[in-house]
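Protein chains: 2
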Amino acid sequence: VQIALDAMGSDNSPNPEVEGAILAIKDKVCSKILLVGEEALLRKELAKYYYDKSKIEIIPASEVITMEDSPTKMVKRKKDSSMVKAITLHKEGKALGVVSAGNTGAMMTSSLFILVRPGIATTFPTMKNPQIILDVGANVECTTANLLQYAKLGSLYSTYFFKNPKPKIALLNIGEESSKGNMMYKKAFQELAQDKGINFIGNIEGKQLLNGDVDVVVCDGFVGNVMLKTVEGVAVSIFKMMKEQIKKDWVAKIGALLSFPVYSYLKKKMDHTEYGGALLVGLNGISIVAHGSSNANAIKNAIRVAAKIADSEFIQKTKEYFEKGI
Amino acid sequence: VQIALDAMGSDNSPNPEVEGAILAIKDKVCSKILLVGEEALLRKELAKYYYDKSKIEIIPASEVITMEDSPTKMVKRKKDSSMVKAITLHKEGKALGVVSAGNTGAMMTSSLFILVRPGIATTFPTMKNPQIILDVGANVECTTANLLQYAKLGSLYSTYFFKNPKPKIALLNIGEESSKGNMMYKKAFQELAQDKGINFIGNIEGKQLLNGDVDVVVCDGFVGNVMLKTVEGVAVSIFKMMKEQIKKDWVAKIGALLSFPVYSYLKKKMDHTEYGGALLVGLNGISIVAHGSSNANAIKNAIRVAAKIADSEFIQKTKEYFEKGI
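These protein sequence lines are chains C and R, in that order. Position 75 (the first sequence) corresponds to 75 in this note's numbering; numbering is contiguous. Position 167 (the second sequence) corresponds to 167 in this note's numbering; numbering is contiguous.
Incorrect hints may appear among the rest.
[What the hints assert, rightly or not] Covered stretches of chain R (in silico footprint by chain C; criterion: 3 or more residues with CB under 8 Å from a CB of chain C, positions within the stretch not fixed):
| no. | segment |
| --- | --- |
| 1 | 12-25 |
| 2 | 133-143 |
| 3 | 160-170 |
| 4 | 177-189 |
| 5 | 207-214 |
| 6 | 258-267 |
Please keep in mind that the hints were generated in silico from the structure rather than gathered at the bench. We put the beta carbon where it would ideally sit given N, CA and C, even for glycine.
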């Protein structure tokens with residue numbers, strides 16, 4: 001499996017991308033990486049590492065799409081940007097998937113192999129198995145029809161990526177009863193309850209999210225994005241408050257040292273870099289969006305996710321769903 | 001200040017209500033409590049305590065509105081319910097505020113002194129000062145106009161309850177830039193930015209919530225409710241995962257014992273019972289909704305909030321805002 005990596009996307013590019021590509025090759029998560037970006041810069045950065053040179057190829061690109069760029073305008077204008085070039089490699093079949101830690105809006109716009117308006121599906125640590133949540137920000141003007149598509153795409157993702165034969169799908173809502181929520185969510189509940197192709201188990205509230213009792217959580221992009229960032233923020237704040245309190249008390253400090261393995265286990269479990277990037281669903285192709293703040297480990301895991309999806313039937317099944325309704 | 005307390009609302013009623021009323025009287029959070037509910041039951045429960053009998057008066061009510069009751073129907077039908085009677089005492093001026101841990105929908109419906117469609121404002125623990133968030137669930141089919149009202153009401157609440165002379169108001173959104181969010185939020189941003197009566201500081205993301213950098217967070221009822229429950233869920237899950245990991249390792253167990261004061265400080269800080277109930281805003285009166293799972297401490301704090309608001313200019317200022325637009 002050959003994966004195209006936009007080497008200029010992350011906040012600290014190209015360092016995490018280059019190191020992530022090296023890690024990915026060493027860990028054999030894919031057979032070859034097409035590293036797209038400023039040639040001289042990438043060559044210099046790669047020279048720092050010892051690796052199998054046949055497995056990373058530089059594809060020169062002279063421009064960069066920044067976080068400030070308007071997605072629609074810049075994708076058209078910056079034809080020689082690393083992101084557009086990486087996606088083109090995928091479109092032309094030279095790569096089986098593409099990974100970028102750059103501008104999400106630009107990734108969506110330049111994904112010209114779009115089947116329907118895409119959603120962003122992310123994987124979430126829970127007390128049990130990782131859980132898929134979508135949409136977490138692609139579509140902030142959502143309709144009931146979009147929610148139904150997300151339910152189906154999430155179900156396919158869980159089935160073909162996590163090998164769940166009958167994934168449990170839930171709707172994120174303000175209560176468990178079918179009468180809860182606004183019109184869009186109430187209608188989605190009714191339709192999902194009747195859909196025999198989906199194992200819909202009903203509504204789920206925010207407080208149950210981390211229990212991990214369901215495989216896929218469906219919501220609109222506005223709610224999903226606010227929710228995802230809230231989870232991140234609460235986890236960070238709790239650890240921060242804990243640290244501040246511990247500092248004030250030397251007995252607690254010793255205690256914290258003794259319980260250190262517990263903290264580092266939890267930190268790793270809550271760490272988004274362990275889960276790779278988010279998948280754009282609704283495409284006839286594999287686009288992975290990594291966090292702007294990605295480190296090398298996050299990039300490696302995003303490449304791993306892209307390669308694993310390329311190796312699965314997910315894209316084929318997505319196409320069948322949109323073309324034949326199955 | 002005299003407060004009416006629906007004694008039959010909480011999951012374990014009337015025990016937490018009766019004990020909460022006793023605590024409120026002992027802590028002098030108000031001058032008198034009108035305890036509304038089944039007379040014999042309340043008399044028996046009160047007999048367990050030693051207190052100043054002139055300060056708690058039983059107001060008999062033969063019916064109870066349950067969590068399963070349809071708010072609109074039951075408020076009309078159950079005229080002799082503890083909730084409706086408590087609100088009537090407030091309407092007639094016999095109490096300056098009302099507290100219930102019962103059906104939120106019924107509380108909204110029976111609040112016939114409504115000025116506009118109410119919002120639920122809750123107080124939130126942060127790393128700095130408590131923060132007001134509204135709406136957290138009253139209005140799931142929200143408009144831009146509602147968001148603007150919430151901004152104003154939140155601003156008044158912060159000014160007259162927390163004594164912030166110029167409270168910082170933020171909009172909960174999926175990014176900081178004014179271009180972020182859906183149409184409703186984008187429009188609200190534009191209008192708030194131009195409103196000289198509000199100290200609007202821009203958008204805030206979920207990950208910044210617990211930093212406590214703003215005084216009031218404005219959002220629609222659907223997003224607010226999902227977000228609030230997510231925060232609750234994440235906090236509970238983190239402590240649970242920590243506990244499970246600590247159990248597995250005896251060194252960590254000793255460590256946890258030594259750092260125990262830190263855990264209990266954080267638990268208290270994150271504990272909703274410390275913050276009293278949520279306030280229904282947009283009313284010409286004081287309605288406090290407590291959590292169904294309230295204990296006596298939560299009830300006492302809800303009474304304290306009601307009394308403190310009754311003692312402030314908040315309701316007067318709310319009326320002026322809706323009547324004269326100031």
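Structure-based check of all given hints:
1. 12-25: violated (count 0)
2. 133-143: As far as the segment 133-143 of chain R goes, the hint holds, because 3 residues have Cβ atoms under 8 Å from chain C.
3. 160-170: With 0 residues close enough to chain C, the hint is violated.
4. 177-189: Per the Cβ count (4), the hint holds.
5. 207-214: Answer holds; 5 residues pass the 8 Å Cβ test.
6. 258-267: holds (count 7)
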